[in-house]
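**Q** Please put together the full structure from these sequences, using the hints given.
Residue numbering for the sequence shown follows my numbering, starting at 3 and increasing by one per position.
Hint data in this document are derived by calculation from the structure and do not stem from the laboratory.
Any given hint might turn out to be false.
Quick list of simulated restraints, FRET-style, between CB atoms [to be verified]:
{"hint": "1", "residue 1": "S119", "residue 2": "K42", "range": "16 to 24 Å"}
{"hint": "2", "residue 1": "S120", "residue 2": "I87", "range": "20 to 28 Å"}
{"hint": "3", "residue 1": "L72", "residue 2": "G104", "range": "18 to 26 Å"}
{"hint": "4", "residue 1": "K48", "residue 2": "L144", "range": "34 to 42 Å"}
{"hint": "5", "residue 1": "R152", "residue 2": "N102", "range": "41 to 49 Å"}
Quantities reported herein were computed from a predicted structural model and do not represent experimental measurements.
We put the beta carbon where it would ideally sit given N, CA and C, even for glycine.
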Amino acid sequence: RDLVRSRGLGDVYKEAFEYSDIKVPSTAQTTDDLIEVSCKVKNTGKCAGTEVVQLYLSPTSSEFLKPIQLKGFARVNLNPGESKIISFKVSLQQMAYYANNGWTIAGGQYTFKIGASSSDIRLESSCQLTGENVRMERRNTLFSISEIERKNKKASKSYIALPFLLWSFERNEESVNAK
3 RDLVRSRGLG DVYKEAFEYS DIKVPSTAQT TDDLIEVSCK VKNTGKCAGT
53 EVVQLYLSPT SSEFLKPIQL KGFARVNLNP GESKIISFKV SLQQMAYYAN
103 NGWTIAGGQY TFKIGASSSD IRLESSCQLT GENVRMERRN TLFSISEIER
153 KNKKASKSYI ALPFLLWSFE RNEESVNAK
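**A** Below is the structure:
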């Protein structure tokens with residue numbers, strides 16, 4: 003087996019989790035609110051395990067944005083042979099860069115990458131962002147909203163980003179429907 007040690011988090015078997023079926027829209031507008039990115043993760047090992055699925059963004063050509071940026075993550079527990087669909091709702095504010103005293107969402111080609119870490123990318127797909135540049139005074143969103151498909155339910159982890167505060171909470175359909 004290909005044993006991997008990642009940032010002191012312990013030993014994991016790389017082939018224990020299989021990533022597949024990445025879905026990214028081929029195009030989006032700079033004025034859109036969200037882009038949904040999803041993939042399937044399967045536990046191919048013999049034991050139950052937990053995987054932290056990470057979403058990265060890489061602009062194909064940008065002098066302002068870093069070449070790879072973490073935009074979201076979801077922790078998923080899987081039994082042997084079990085698979086789940088992980089969805090990320092990425093705000094276009096997460097694709098903005100800061101220049102000239104403001105934030106700008108610019109058109110261009112962006113590649114979404116999904117993996118276990120930035121050095122272990124398993125899937126990637128691109129989206130062409132079209133339209134006029136959008137200027138903002140500030141960004142309100144730092145991380146995407148992630149959802150993990152569960153049997154007949156969806157649970158999501160939401161992140162609310164305010165200046166100097168990042169607050170997260172979990173919700174599921176039962177608690178939403180009970181209200």
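**Q** Each of the hints needs a verdict: does it hold here or not?
**A** Okay, the hints, checked on the actual structure:
no.: 1; hint: S119 x K42: 16 to 24 Å; in the structure: 19 Å, holds
no.: 2; hint: S120 x I87: 20 to 28 Å; in the structure: 22 Å, holds
no.: 3; hint: L72 x G104: 18 to 26 Å; in the structure: 23 Å, holds
no.: 4; hint: K48 x L144: 34 to 42 Å; in the structure: 37 Å, holds
no.: 5; hint: R152 x N102: 41 to 49 Å; in the structure: 45 Å, holds
The structure fails none of the hints (numbered hints given earlier).
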